[in-house]
Structures are given as C-alpha cells and as structure tokens.
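> Let the sequences and hints guide you as you build the complete structure.
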Amino acid sequence: MPSQPERPVLLTGWGRTAPTAARVVRPRTAAQVAEALAGAGPRGVLARGLGRSYGDAAQAAGGTVLDCTGLTGPIRLDTERGEVTVPAGVSFDRLIAHLLRRGHFVPVTPGTRQVTVGGAIAADVHGKNHHVDSSLGAHVRALTLALPTGEALRLTPAGDDPELFRATLGGMGLTGVITEATLAVLPVETSHMRVDTDRTDSLDATLDLMSRTDADYRYTVCWVDLLAQGGAMGRGVVTRADHARLRDLPPPLRRDPLRHRSGTLLAAPPWVPPGLLNSWTVGAFNTVYRGAAPRRRRGQAQPIGGFFHPLDAVRDWNRLYGPRGLTQYQFVVPFGAEETLVGIMEGLSRAGAPSFLTVLKRMGAATEGHLSFPRPGWTLAVDLPADLPGLGGLLRGFDERLLAAGGRLYLAKDGRADAETIHAMYPDLPAWRKVRERADPDGVLVSDLARRLRLL
Amino acid sequence: MRDSVGTVRTVLLLGGRSEIGLAIVERLVREGAREVVLAARGGVEEPPSAPAALGATVHSLEFDATAPDTHTATVKEAVALVGDLDVVVDAFGVLGDQAGYEADPASAARAAAVNYTGHVSAGLAVAARLREQGHGALVVLSSVAGVRVRRFNFVYGSAKAGLDGFAQGLADSLHGSGARVLVVRPGYVPTRMSAHVDPAPFPATPGQVADAVSAGLRSGATTVWAPRVLQPLFAGLRLMPRPLWRRLGR
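Line by line, the protein sequences give chains A and B.
The opening position of the first sequence corresponds to residue 0 in numbering that gives the first Met the number 0, with each subsequent residue numbered one higher.
The opening position of the second sequence corresponds to residue 0 in numbering that gives the first Met the number 0, with each subsequent residue numbered one higher.
It is possible that some hints are incorrect.
[As the list claims (entries may be wrong)] The calculated label-pair distances, taken between Cβ atoms and stated as ranges, are:
#: 1; chain 1: A; residue 1: ARG6; chain 2: B; residue 2: THR56; range: 29 to 37 angstroms
#: 2; chain 1: B; residue 1: LEU236; chain 2: A; residue 2: ALA37; range: 56 to 64 angstroms
#: 3; chain 1: B; residue 1: LYS75; chain 2: A; residue 2: ALA214; range: 57 to 65 angstroms
#: 4; chain 1: B; residue 1: GLU101; chain 2: A; residue 2: PRO273; range: 48 to 56 angstroms
#: 5; chain 1: B; residue 1: GLY235; chain 2: A; residue 2: THR286; range: 42 to 50 angstroms
#: 6; chain 1: B; residue 1: ARG191; chain 2: A; residue 2: ARG6; range: 38 to 46 angstroms
[Said to hold, decoys possible] Short derived list, chain A residues pointing at chain B, Cβ under 10 angstroms:
#: 7; residue: ARG6
#: 8; residue: LEU9
#: 9; residue: THR19
#: 10; residue: ALA21
#: 11; residue: PRO41
#: 12; residue: GLY54
#: 13; residue: GLN58
#: 14; residue: GLY62
#: 15; residue: GLY324
#: 16; residue: LEU390
#: 17; residue: ARG415
#: 18; residue: ARG451
What the hints contain is simulated information worked out from the structure, not anything from laboratory work.
Owing to the predicted nature of the structure, the values given are computational and were not obtained by experimental measurement.
Ideal Cβ placement from N, Cα and C applies to all residues, glycine included.
The following block contains the structure:
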C-alpha cells in the first residue's frame, strides 16, 4: 500500500495573516535537526520557535518547518562566569523562571516571555533596556549552529568564524539552526522592579520627558495614545525602572524576594468577530488606560512579569484582532529625525489606526548583526488590524518617509514591506548574503519572509 | 505570496485577452501586484497599458485552452518567469451563439472544450503547482449561466455548470493545502465577448467583477457573485417550476 502523503500544516505568524502550508517536524536533539536539514526537499527548511514573529518570518511555504520548541534540556547557570547555557528551544518563560529562582535575570527580554532562545537570537530581540544594554546579540557569548552542510559549529564573537556569528544575530534563521546558546546573565536581588511612572499630556511632553530622563534608568518605555485628538495626540504613560534591591521592597515582599509567577490570567476567546478593535473601542480603552495610570508615582514595586510582559497575562491576545488578523509596524528613525517620527504618528492618528498597544522607546548602540534591527534612535511599534481600509498604501507612504530619514523596519514584525525598501534599509545585506552563501551553499534554508523580500 | 495586508506579488491570467480577467489583473496591480503573466493563444502581443503604467512587469505566454497536453508546461513556464504564483485567474472562454451551435453541433463541442474541459486540465495543472508551493489562490470565472441552465444558452450554460462543479470540488480537495479556489459567478457583463447578445437584468461591469474578486480574496470567501444581488435572486430562480423556467425570456 502506498504511504499516505504527510498532511501539511498551515502556519502563520503572531499576526495570523497569510497562512502557508509546510510539513512540520519536531526535532528533540541536535542530531535530529541535522537529519531534518539533510532530508530537505526542493522547497527548503526553516527553524521555527514559538511563532511570535508577527509576519511571515517563521513559515516556509511548501517546505519543511522545524518546530524547535522540542529542543529543550537542562539549563546550566554558571554564576562565576555570569552566564547561562541553554538549549535553543527553551522559552524565555522557562529561562526567566529558572534564573530568577537563582538570583539572576536575562540580559534582555522582549515584550513577551513566549519566545524561544533560538528565535530571540535569530531576531536579535531588544527590550526596554536597549538604550543602556543594546539588544540580545550583545550578550550572546556563544551559540551552536547546525548548518545544512551537516556541520555543527560553535560560534563566538571572537572565534574562528566571527562573520557567521554576526550574520546569525538577527539573521532570521537563514544562516543555520541554532541549537544551543550561552548568554550573559544579570544578578538581581529581587523579582521586582522599582518603577517610576509619569503621565504626559502631549507628544512634545512625551518626547521631552523620555529624552531628558532615559539615561537615569536601565529600563524605559512609553505607551502612547495615538487616538487622542488635536494637541493631546501622543500623550502617554512613561514608565522607567531599575531592578528593585532588597531594601526597596515593602517588608511583606522581603520574605520571599525572588518569588516569581508566570502563567496567564485570562485567555482570549477562540473566535472574535472582525472589527472588535476599532477606533471607538480602542479610543475608549486608551482613555481608561491612561486615566488609570498615576500622574506621577515614584518607586512603586512591580513584579517583573507585570512590568515587562503585561500582555502575557492574556493568552492568545492576538485573536482580539479578529479572523483577519493584525500587522505590526515597527520602525526606528535616528535621533534628529523626530519630524519623521511625529509625521508618521500623526498619519496613524489621522487614519484612526486602532492600536491598543502603541509603544515608543529610545534605542542605543547597535550590535554587529548584519540584519539586526536596532539602531540609535526612536522606535515606535504599532499594532494594526490587517483589514484596516487603505492600510497597504498608508504603510507604503510611511516606508518612503523612513527611507528618506535613514530609518528602517524590523524584519521580525514585518509581513508586507517590499524587497527594494528593505534592501535600501539594510545596507549590510550584500555582506550578509556572502556569509550565508558560505554557510548554506545549496540554499536549503528559506522562509516566506526571505522569498518576499528577496533576501537570499 | 499574499502579504500581511492582503497584497499579492504575482498574477497569472489564463485567457490573457479576457476583459474581465484583465480588469481583475489591473485591480490586483493597483493594490500592489508587481509581476503579471498574460497567457493566451499566440501570446498577448499588445498587452493593455494599465498594469505596466502602474509599475508591474508584464510577461506574455503562449497558452492554448484546447491543447490540454500543454497545460502543465504552461504553468511551469509561468513559474519560471515570475516564481511562486500568488493568484491565478482562470478567465478563458467563448460565449458563442446558441442558434449557431444548434446548426453546427461540432462547433458546440469545440466551445464546450474551451469552456469546460480546457479548465479541467488547466485547473488541475495550476492546483498541483499551488499545492506544491503551499500557498496561492485560483480564481475561476464561472457564471450565473451555469447556476441553472436556460434553454436560450444551454451549450454555454452547461459547460459553465460543469466548470462551477469542478471548481467547487477542486476547492474542497485543496482544503488545508495552503492553496484555495475562489469561484466567481458574474451575471451579464457587457464586453466584446457578449456584444452580440441582448443585455440581461442586473448587469455588472468588469470593474465590478474585479472588485468582488479582490474583496473575496481578502475575506477568504469561496464564492463571490457580481453583482451581489444575484445570489439571493438565483436562490429563488433555482426553485422556479420548470414550465415557468422554460418560458423565461432572456
């Protein structure tokens, strides 16, 4: 009897747009990764983590997708060297829980704990401390990369192949499959943050406060209200924080200072009607959210989860955007290009873009990654319903303004830019391609993102 | 492939001179498509200027609806030109004239080959490619003429009925493959192809059909009607008693 062809699985990014089908295999060891790479078909192979890239970065239409969440195992913390070695499929959720119990924290965390270590390195993720600590790539001391050629290389910033190391930070999984990584860790006394909060009344006030006080804190971020009308557009809630010392905690919390709870409080329903999030509902949410924030508060002790990953409390929150999904637009413009930043924010505001999580942040030094996103400047991230009328044209207009201002888009968030735009935004792309061709001479590694943006 | 805001990059039009097909292509290019392949018998020597003017690259390809042996090769050539096929518009066909068909039965069989069997081989060739690439949409131009066949154009109507059924079955067979089929059921559309027949009620322009297709591709619909009123209308007409249906004028 002929064997049944394996049923393909439809995959999307976190935005739930543009599904494509692939054969999914779940390796549990580096040897199984090598086996899957060796057995690649004509449509290629790609590693996928927890699927938190918003667009098409973690799908490979017609090919084989390696679900790398099975690449787990013991986490090895070396407190003397201040580093942790972890299998690439381990989530930040598990890693953070493991480290906090032992008085340490990850050097960088994105806005969700639901990412794998491998995926985080492949996207060179950043967090609220970018202006001080740069992105995750700056804290990767070593990584093990499985190549389609069958080799498994241990790469370090100053090792035998520093160029391949660079190309892998932010390389979107297209240089090989990361199977293990060693990251620097940060010692902490408590699992709490000491948070200062300020409410601002206008965009100018927001930008001014952030520019003036950024350097005083390890972590800063601003939630922005784009739907407020007139001069109030861009008002926001600026939160800045440092890790709380033991003495910063109120006495009841001192008894168990490293106590950490992950897990979710709520789950979004499996089906939500289209159009639930519109400029009316999100406008109302924004007003309530901002109103609930204190005008000025100093030294509040807040648990790490609530400060870094508030949306992790709502499982599958991406479903709130309805069956047509969402697209996230995240860009960075250099300091000095505030006019472009403000212009795009005004454009989003005029379009009535119902983004309930609009985040503004100042970025610091870049890492060495050829395709790594962060650059010194302002970064804005906006969630938009994918079926917002005229969205494609609106964002293409923003792309042009970004290009003119020397800005760029974040590949891990993108699902719609065109190839020429991205090529112009990433001048190191030709150098990256050379390294990649050496690592993957037969072009086995591929993603929908790479095809759409002609990265390979 | 379709991007996160519903824009596609490549379009293949089978029936490269079809007015409705070209209106759909123009609409997709207006929305951001960048590579267009127009496939028709003898190629399309003088493609319409709109897609190129809107920034798309337009390719021409030889495609003979009546030569089913060549259809798989035609699809391969299109892939060689533009890569993955994001949208394939299956728009070829002939309307002809019922009286002429009755006078020349062989001509009726040839028309049926263009309007039905040609789509079977072309549709399966396209579907195989879409399944392999794991994404893509096949837009099939059916017609209300096939929803309930009328005595005034039953040669054309019966071929469209076959095509409509074929497309629905193909859609179900592709379920879960990442590829999909959108069945389009326009009513009377005044074009060169229909210039010789009397106008029917509830006409649609090629542009309106293109709008319906664009909306259907975005919403994930399996069937669209143009104009939309034809869907409830034909739900009623399907129930009309035969003696009355037989007497219905054009």
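> The structure should be examined with respect to each hint, and the outcome stated for every one.
Each hint, compared with the structure:
1. A:ARG6 to B:THR56: 29 to 37 angstroms: holds (36 angstroms)
2. B:LEU236 to A:ALA37: 56 to 64 angstroms: The hinted range 56 to 64 angstroms holds for LEU236 of chain B and ALA37 of chain A, with Cβ atoms some 59 angstroms apart.
3. B:LYS75 to A:ALA214: 57 to 65 angstroms: This hint holds: roughly 60 angstroms between Cβ atoms.
4. B:GLU101 to A:PRO273: 48 to 56 angstroms: holds (49 angstroms)
5. B:GLY235 to A:THR286: 42 to 50 angstroms: holds (48 angstroms)
6. B:ARG191 to A:ARG6: 38 to 46 angstroms: The hint (38 to 46 angstroms, Cβ to Cβ) holds, given that ARG191 of chain B and ARG6 of chain A are roughly 45 angstroms apart.
7. ARG6: Holds, about 7 angstroms.
8. LEU9: With Cβ-Cβ at 6 angstroms, under 10 angstroms, it holds.
9. THR19: holds (4 angstroms)
10. ALA21: holds (6 angstroms)
11. PRO41: holds (8 angstroms)
12. GLY54: holds (5 angstroms)
13. GLN58: holds (9 angstroms)
14. GLY62: holds (7 angstroms)
15. GLY324: Nearest chain B Cβ about 7 angstroms off; hint holds.
16. LEU390: Where the cut-off is 10 angstroms and the nearest Cβ of chain B is about 5 angstroms from LEU390 of chain A, the hint holds.
17. ARG415: Where the cut-off is 10 angstroms and the nearest Cβ of chain B is about 4 angstroms from ARG415 of chain A, the hint holds.
18. ARG451: At about 6 angstroms, which falls below the 10 angstroms cut-off, the nearest Cβ of chain B leaves the hint on ARG451 of chain A intact, so it holds.
Hint check: no violations occur; every hint is consistent with the structure.
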